[in-house]
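Colleague: Going down the list, the protein sequences come from chains C and B.
Using the working numbering, the first residue of the first sequence is number 302, and each one after it goes up by one.
Using the working numbering, the first residue of the second sequence is number 137, and each one after it goes up by one.
Hints listed in this document are in silico derivations from the structure and should not be mistaken for laboratory results.
One or more hints might be untrue.
[Unchecked claim] Lysine-lysine pairs mimicking DSSO-like chemistry, simulated, CA-CA at most 27 Å apart:
#1 K488/C - K327/C
#2 K305/B - K370/C
#3 K181/B - K432/C
[Unchecked claim] From the structure, some residues in chain B lie toward chain C, with a derived Cβ separation under 10 Å:
#4 K259
#5 A279
#6 N287
#7 L288
#8 I289
#9 E290
#10 M295
#11 G296
#12 M297
#13 T298
#14 Q301
#15 L303
#16 K305
#17 I306
#18 L312
Remember, predicted model here, so these are calculated numbers, not experimental data.
Every residue, glycine too, gets a C-beta built ideally from N, C-alpha and C.
Residues per chain, in single letters:
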Amino acid sequence: MISLTNLTKRYGDFTAVDNISFTVEKGEVCVIIGPSGCGKSTTLKMINRMLEPTSGDVYIEGESVKSMKPELLRRRIGYVIQFVGLFPHMSVAENIGVVPRLLSWDRELTATRVDELLGLMGLEPDMYRGKYPSELSGGEAQRIGVARALAADPPLLLMDEPFGAVDPLNREILQTEFVKIQRELRKTVVFVTHDLDEAIRIADRIVIMRQGHIVQHDAPEAILASPKNKFVHDFVGSDRALKRLSRFTVGQIMREPVSVAMGGTMEKELHALRGRKGTRYVWVHDEGGKLMGWLNLPLFIEGGSIEEALTRIVTPHFAVSRDSTLRVALSRMLGEGVKVVPVLDGEGRIVGEINLRDIEKITEEVEAQWKE
Amino acid sequence: MEGVTRRRNRQSWVPLIIVTVIFLVIVLDMDVMRIILQGLFPNEKEVIYPRANLLILLKEHMLLVFVSSLVATVIGVGVGILVTRPAGRDYLNLVSDISSLAQTIPPVAVLALAVPFIGFGFKPTVLALFLYSILPIIRNSIAGLESVSPNLIEAARGMGMTRAQVLFKIELPLALRVIMAGVRTSVVINVGTATVGAVVGAGGLGTPIISGLVRENPAFVLEGAIAAALLAFIIDQYLARVEQSLMVAYGSRKD
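Bound conformation, chain C alone (with noise of 0.2 Å):
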């Protein structure tokens, strides 16, 4: 969908992308990644013209970005980078219909896609409409710089270390969020960062770069599986194992809960999982689903009365979501010293369990698929 073509950029002496082709298909998200000042912001500020190239082309569905005046191809375009660059004279729907004023579409559809958009982003439309970017936290700006670039549905979205600037943990959700509206979305997005750990998260091909030239240009786990060099090796860093864990969701393999509600038949249904093998904890949740501890079922087997076999959790904070990686369930299986964790939804309902069984087994099917 994209082409980069020879794609060279200097400044007086100093070439800072040197002589670069490489395609981005429809509906890929593609990450550039490299070291600071290998060029990678070079190279995306190029696609919509806010820098021309020395020499070579960017082709858009086939079109050269040179056929266009600048200005028409960006409003095509979305944008996102670093510093979020809300306008601060402007309301959140003033700033995310930007873009639908430039293009002037009429008042209305504006409003309700402003609203849409708002929506998407998991921010509350009656709410947020008529803030102003100084009234919102890191994570709600990023959200409205995404919606703003995502404004008049542009095909094609370049994203700037859009996520830099935020603090590691709202750094996750955004990215967790991203990869889910990217899912339904199907973007073509090209994605800029230093940061690998968010390369393989997110991305469908990650193109590395180093002084201007594409080191390997591959999919994540070929990345991870096959470095091509001692760079791309050292840039991976020791814990590729680790990483490939980033790839995956929870919600992929994590299991039905083996649970029981409290009170009423409880006792009944925890006698009938007693021939179940491998099975010595039983998740407990009150009428709701709310998950409320686990039951140690050989003590509860044996004679011990339900509160002597319950352990009661105010707060699960071990607990992972849907879309939480592998990795995470991992770090939280590790940090708590258990095998299994428990996954709950949005208002702490439990909808799974993820094992470290399943953990490993996944880790050594993909180790087989990408050795070959």
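Let chain C serve as the given structure and place chain B on it in line with the hints.
Modeller: Relative to the frame of chain C, chain B by itself:
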């Protein structure tokens, strides 16, 4: 002068309205002024400048201030915009220096130099006021436009705004508050300085002051001075409120 940093908190309208009413009463009903001045100077036979009443002088004065401030604002903001564009950036320092220099020339000197060329009256006075008051406007325009974060400009350009759209939709609205502060400073300076226009026959509230000095009648001096001082105060306060309303309109309520 300190237009860039001067900022008032939300104030009550009541004192300002009271002062405005007092000012209007003095200007419209000369008897009030006469009673005050007669009380202060019981030995003077004449306490009110006889050749023109305050209303006419006020009109002349306002016209001088309005024309010179308008021209200074249009040219000052225009120059501020030009020297902050990529093509004009080379002239930024030069323009700052020249406008600083213009303010060091006393208005009376400008009048003295200008009269032989453009005659007496309105025109040389407007020129002097213009030169004297353009500095705060140029300086604040540059400061305001330069304070707009390059990230915002990059975001705006990246979304497909033309250079003109970036200027009118992003840069000017964000710089407006600072520019307004410069305009206010310059208008207030002009209200005071315009009194020297009377020296070359431009009329205005300076007329009774000059006349009083010549005829050694302190009552005349005070008549013009009170009116000019009240006018400067009132205009400053109203413009301050305009500035403040811009702040609220742009959602920077937090600062």
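Colleague: So, for every hint listed, does it hold in this structure?
Modeller: Status of the hints after comparison with the structure:
no., hint, verdict
1, K488/C - K327/C, "holds, 7 Å"
2, K305/B - K370/C, "holds, 20 Å"
3, K181/B - K432/C, "violated, 66 Å"
4, K259, "violated, 39 Å"
5, A279, "violated, 17 Å"
6, N287, "holds, 4 Å"
7, L288, "holds, 5 Å"
8, I289, "holds, 8 Å"
9, E290, "holds, 6 Å"
10, M295, "holds, 5 Å"
11, G296, "holds, 3 Å"
12, M297, "holds, 7 Å"
13, T298, "holds, 5 Å"
14, Q301, "holds, 7 Å"
15, L303, "violated, 13 Å"
16, K305, "holds, 8 Å"
17, I306, "holds, 6 Å"
18, L312, "holds, 9 Å"
Going down the numbered hints, you'll see the structure goes against 3, 4, 5 and 15, while the others check out.
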